[in-house]
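Model the placement of chain B with the ligands on the given structure of chain A, informed by the hints.
Each chain is listed here by its residues.
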Amino acid sequence: MIGLVVVSHSALLARGVAELAGQMAPDVRIEPSGGDGSGGLGTDFLDVGRAIGAADSGDGVVVLFDLGSARMVAEMAAEEHAGEVAVVDAPLVEGAVAAAVAAQGGAALAAVAEAATTGAAPAGAAPGGDGPSGVPAATAVTAEVLLTNDVGLHARPAALLVRALTGLDAEVVVRLGERSADARSVMALMALGAVGGRRVAVEATGADAAEAVRRVEELAARGFDD
Amino acid sequence: MGCTAADVADALRAAARVVAEHRDELVRLDREIGDGDHGENLNRGFAALVSKLDENVPASPGGVLRLAATTLISTVGGAAGPLYGTAFLRAATSVGDAAELDAEAVAGALSAALEGVVARGKAEVGDKTMVDALTPAVVAARAAASGGVRDVLTAAAEAAEMGAESTVPLVARKGRASYLGERSAGHLDPGARSTSLLLRTFAGGAG
Ligand SMILES: Nc1ncnc2c1ncn2[C@@H]1O[C@H](COP(=O)(O)OP(=O)(O)OP(=O)(O)O)[C@@H](O)[C@H]1O
Ligand SMILES: [Mg+2]
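Protein chains in written order, with full-length UniProt numbering: chain A, 1 to 226; chain B, 1 to 207.
Derived from the structure by calculation, the hints contain no laboratory data.
All clues stand as given, with none of them false.
Here are the computed lysine to any residue pairs in the SDA-like style, where the Cα-Cα straight-line distance is at most 20 Å: (1) B:174 - A:89; (2) B:122 - A:67; (3) B:122 - A:86; (4) B:174 - A:67; (5) B:122 - A:68; (6) B:122 - A:88; (7) B:122 - A:79; (8) B:174 - A:75; (9) B:174 - A:91; (10) B:122 - A:78; (11) B:174 - B:35.
Footprint (simulated), chain B over chain A, 3 or more residues, beta carbon under 8 Å: (12) 44-51; (13) 62-74.
All C-beta atoms in this analysis are idealised placements derived from N, C-alpha and C, irrespective of residue type, glycine included.
Bound-form chain B, shown alone:
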């Protein structure tokens, strides 16, 4: 079963609810090794996205992803705004104007999103960022692409959760947390956590 524009819009609405529920958790994580605004930033952006979707849902999945990109870029702020914005923009470009996305297309969109995040932020695996969650997610998604869309997203979500956990002992080398040096070790990276929450939501299971 493919994934339509309405499915993508529903997934983003669900993401907005999950982000709102986890707002305080993300704020707390970001307070430990950043400036404490990550939960606030994402919540503002996804709330704005829901209002846009309430007005009008674009006709294609790519159109919905593009709306998410432009909305998040202009409303999230911080590092997460340009990073998630670029991720959604690249995902939108990768799916083109197809009316439905199959498992291959979803895995391809996740790959494109990762490439966008890396191009924008120049982070590598091990730098203690969202790239640590998204990279294994893409590898798992590609491996599951012979199954259905749900399989791809479930595999991605599981890998992202492990990837996010793997950031705990790391010393940050990118973003605000890098100013803390060794003191950033022992904390979960907020951006990796939000990435795993989003993917888990897209897979259909609440965070």
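Just chain A, with the same shape it has in the complex:
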């Protein structure tokens, strides 16, 4: 499984982002590296190296950073590390969450890095696989789904939904009234504001469209395990 490192000038921020991303990805190693090593703002080359080592389970590590100089420190530390490391220029919070969800779903290094930069889990990122396969079928599979849990498509349920679809060759859109969200993006799903008791429309295209809709229905029927 791919690990994540969050490099920030602020220790507090690095820890906070790691905490937030970890909520969506219980099995992913997410290591914060923040501060100058002596309690001040800054970055610490040796600590970033430590974090990369701790995050790497052998499959590789994606590193996110806050300001430009943190990128340079991260790139130097990445060069020192024996394993594969991708330092990605992505929005820190959204990128970390999206990368964590993709990693939890078993995506490979390039796919997790891609998820960080686009803020969405990559389509068809099969566990350890290499991206989309097959041509999407023309016809869409749709279903109406009742959200029976209290919070609806809030953080954890949204992450579960994204994760359930990881590995499928399907484009899935979730609609609430006029609004719609790409089901690969936790943030987009949360932004729908689909609270408990609401009905959402699920629309999937692609080779695995039927399976995608089935998985969403099943999740919703279980109340997202809330």
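Just chain B with the ligands, lined up with the frame of chain A:
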């Protein structure tokens, strides 16, 4: 006359003294268009380097440069840590394990240092960074490489000083100062200033 490991170590000790003397000036420059830590960052790093040199001076000039690189990378922090660290690392690689450096080797080391800084920070001339001081320094050093080591370093120092001054009217496009946009104009870039101080020290004249 060539430049030995002991000469390089002495130059770095002198640099540490100059950085300490100019610490407040660099802090003030960085406060104007950054976060005010540049003088502190460099002072911490060079002080750490002096302690390492007090323990042991590596046998070759390249070894001393490599020690400077690893020490600065892990102690300076900020943008200057990876940038100066990469500069010294590339310089070390470029001189190999020669026991003495001649003028050509010193000019080559400065070129390699510049390439390292550009590879790491992706800044171009005119972006208001240390690259604005180091680039003309390398051009001048290469032109002076038929002379002695001192000629090369003196030419580099003079060009770096002019290059640093040239950053005053510029609008920053890299580093923290770039967040200020137009408001970064009218200030000397702290990293360009520290680069010119270091080169002047290496040339043998105090900053
Ligand atoms: N991308 C870059 N390329 C070249 N030089 C750069 C770059 N970014 C910053 N610099 C140089 O670094 C100097 C600032 O160094 P300093 O040690 O103060 O780091 P900093 O910007 O405060 O880092 P941090 O943001 O981590 O605190 C600038 O004056 C500039 O010359
Ligand atoms: Mg600074």
